[in-house]
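Starting from the structure of chain A, add chain B where the hints point.
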Amino acid sequence: MSSKPEGLESSNISCNDAPAMSSETVQRPPPPEKPAAILTRTKVIAAFWAVIIFLGFPIWWQTTSIHRARLPIQEMVNWASGKTCRPVFPLEIQFATPSLPVSDAQHLLRTTQHTLDDLNEFSAHHLRLKLLESSNIESNSPDGLRSITEDNADTVLSVRLIAQEDLTAPRSVLHSETTQLDVFYPPSQVPVPSSSNSPLSAFIAEELQRLFGEEKATIAHVLSNNNGADHQPAAVLNSLPPQIAETINKRERRSMKYAETYHLAFSLFTPGSAPSSWDIEAAIQEYLTPLLQAFSPISNFTVDTQVQLYAMFSPMTPQPEYDESQAAWTLKKEDLSAFINAAEWPLSPSIGSGPTINFILYVPAPSQSPMVVKENHATSWIIPQWGGVFLLNAPLSTSQPSNPSHLSKESLQSAFLTFSHQLLTLMGTPATPTSLPLRLQTLIRIRAASLLLSASSTMGSLARLTKSLPSIPIPASVATSVSTTLSHLSSACDQLREGRFAAALASARVAETEAERSFFEKSMVGQVYFPDEHKVAVYLPLLGPIGVPLAVGLLKELKRIIAGWKSRRSSP
Amino acid sequence: MSLLPNLFRFISFLLLLLYAFPVSAEHTSNWAVLVSTSRFWFNYRHLANVLSLYRTVKRLGIPDSQIILMLPDDMACNPRNAFPGTVYSNADRAVDLYGDNIEVDYRGYEVTVENFIRLLTDRLDEDVPRSKRLGSDSGSNVLVYMTGHGGDQFLKFQDSEEIGAWDLADAFGQMWEKKRYHELLFMIDTCQANTMYTHFYSPNIVATGSSALDQSSYSHHADTDVGVAVIDRWTYYVLEFLETQVTSANSKLTLGDLFNSYDESKIHSQPGVRWDLFPGGEEEGRLRTVVDFFGNVQNVEIENANATEPGSLKEDLAELAQLVEKWRKQEGYHAIRNDIPVRNESDVSSYPDTEVDPRYYSRKRSKGPTKMTDESSWQKRFVGVSVVAACAAVWLTGSILAGS
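In order, the protein sequence lines correspond to chains A and B.
Okay, so the first sequence: first residue is 1 according to the numbering used here, each after it adds one.
Okay, so the second sequence: first residue is 1 according to the numbering used here, each after it adds one.
A hint or two may mislead.
Lysine-lysine pairs mimicking DSSO-like chemistry, simulated, CA-CA at most 27 Å apart [claimed, not checked]:
(1) A/Lys409 / B/Lys326
(2) B/Lys179 / A/Lys522
(3) B/Lys326 / B/Lys314
(4) A/Lys257 / B/Lys179
FRET-style restraints, in silico, Cβ to Cβ [claimed, not checked]:
(5) B/Ala212 / A/Lys467: 29 to 39 Å
(6) B/Gly85 / A/Ala476: 44 to 54 Å
(7) B/Asp214 / A/Leu540: 21 to 31 Å
(8) A/Pro404 / B/Gly227: 50 to 60 Å
(9) B/Glu126 / A/Leu309: 29 to 39 Å
(10) A/Val552 / B/Glu126: 36 to 46 Å
Not close to chain A: a few residues of chain B, all C-beta gaps over 10 Å, as computed [stated by the list, open to error]:
(11) Ser29
(12) Arg80
(13) Asp92
(14) Val104
(15) Arg107
(16) Leu213
(17) Ala229
(18) Phe241
(19) Lys252
(20) Phe259
(21) Ser265
(22) Val273
For the record, the hints were derived by calculation from the structure and aren't laboratory data.
Ideal Cβ positions, reconstructed from N, Cα and C, are used throughout, including at glycine.
Just chain A, same shape as in the assembly:
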């Protein structure tokens, strides 16, 4: 280091002396630097640059680079565009024909299947008829509750053919508590082996088509929303009568967004001091648990309850009016949306993660009882995507009008069955066919389809996001979630193809949860976008004063080395 000031000094002298010398026009070169000094200077410059290149640069790179895990982008995009999986819904229908010989039954099934295939224009959703061996008939008790929770619930519907002598035309009865359809037919209508169709098979095909009509329309609606590659669902949808399309749209508007867990909050509100207790636990066990059990393949539920006394309407709400003709206090339909006093009634929407579905049991004050809706005397209504309300007009004691202080389980029955109905509606359960187990199974298929598509489209969104925002970090956990999602998506797709819908829904649920988790990963916030001028503004004051001497020093050194090298080449 000692040589450097020396060098500087010498140059100073030369500068100061220069004007004086110029008059004599004699130029005296500075004294030559000592080789040791030159070497030291080279070493110093090299040391600085070594620190910059081997320490500074890697540290800068390390601290400013964004960790981006590798994602299978192409695969994700393929899922989103529907190229990887085309969901199909083969529904298996078992036929029990105790009174027919096997050959006749097989023929009947063949012709019915043929008629069905002709009627069906939506190939993704089709019915497969299967003959049940007569030995199994007795042991196979179709049980709605159990069959949908079972893992390999292949059979969607069992049809029993029963001959009845005194009939002129076949008729069918759908058991509303099981997944069984009884078809009664006159024995004369069994197709003879030679004929290719018969009134009986046409009848059965039409019945089945009717039973699954709404499901087919809904699935076509779900598929047409997301799938760009396939035009068939949209075509099917277009061929539907507008009422059905409107029904589906309406259901979509009011049903809750899918969630892994829903919180059910049951609240008893009353403007006075009574009733102050209710048999809520028993009522829930008795009236609601069966439905929640039936829903268990679709979502999880938690239940909360509360009793709120002295719950007043908000001052802005129009008060109920007494209607002489109905002998009741009436609420106008257009005022119902203001019925809930959101400001004062503690209906907190923030219980854990997942949406809350509110059910409100309102017991009107004795002075305003009974209370009904003016237009149609109804005592309950649904608030779309939020919950339901039930007005419980408790029986008043005659001597002195007051509400009972305790609501028994029996008095809660109508309210809780209505809440169950509202829950069915809010979960988006289709209205037909008129058998609850069948409707829940249909819901399983619809949910499986919509979750499959929504998880796929989330994958596509994540892939596009990764490409379009290079500044956001992608942690390794996202890559793990993505691979879990993709594997569950493909297993869900396979299970759908095999007709194992409950298993497919389970896989689709995992896929949806993981897909959401990967998209909403907390650390993936490209929080600050710096335009280039900002970067220059930050780096220049820091790097300018350091960089200029370093760069100039390096340049000078290089120049010297090149000059020395040239002179050495020319001198010999």
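Below, chain B alone, put in the same frame as chain A:
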């Protein structure tokens, strides 16, 4: 043979086409994100701006659970406030905006750029309550209103950081990717406000701002008793339109009417509107009603007790009753699984002893705090004890060896 069904199908297709447009244009819920970004007493007007708009959207029917309100300061409780506990946006002090009915979701130092972007993109911790989340989906119309101090392509948050027009555009881009809005109305009242929406790129957004590049946004008037300006000009005239013209949630006034009501001579700056991201552009966008964004769409559905079509109350009740009946008959009735937790808060019911199934009591008693993990604590204790013992043994041998 197949002519008739085909004809029918054709007619129904035509009907569907007639239907199709209004159906596809519908939204299923409304959300509002109202943000003020400045602290300190002299920025009273920014809080008043936001609170006035909060009052308006609530009046038009958006429930508190679907309004995200961000207030970085608490003017009502500021010691300089001559009217403690109140905020007014007009010198006549007719309406107390703070009132007794207000739900602030993000307050004070929670109002940051990061939290705002996390709110929009929903990249929040799992334990963040629902009230602090924007739960919108592909059917939601979202209103985003921001006010504060800003400049060319940035808006200051709390005098300490700023959000750039790019960040905002990316946040909206991510919302669109994840289908978190159906249509979005972006409103901003700040200096050079129109520069904030220049970088937006996602579709279905209508954006409007109070002032063009290099223009200031001015306050409307000051209240001499409060001592500061109480509202900004642009917001004042937007609110004047909303309060005097849009009187009910059924109002048919359109966004076109709202934007036509801008009067540059009153606002003292050039408000801007951006239509090009909206499908159909300006003509289509102008037809959207104001309550599409400021009101709530959800209509209650009364259940007719006499209707008998499938899926109606009556039909469902019959089916549910059967389900309950079957459940009761099943052997599983008495061995009800315990996987549906019932939390009972203010329920004071007591069971008469004679009628109660003993199982209720046993189940009730077993309800204690649940364990968070499945690991057995004994195993852990054993490991801990053996580690401590090993350390002691090492120390002991060491000291013995050293002593010898």
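Query raised in the report: Hint by hint, which ones does this structure get wrong, listed from lowest number up?
Result: Checked against the structure, the hints that fail are numbers 10, 11, while the rest are satisfied.
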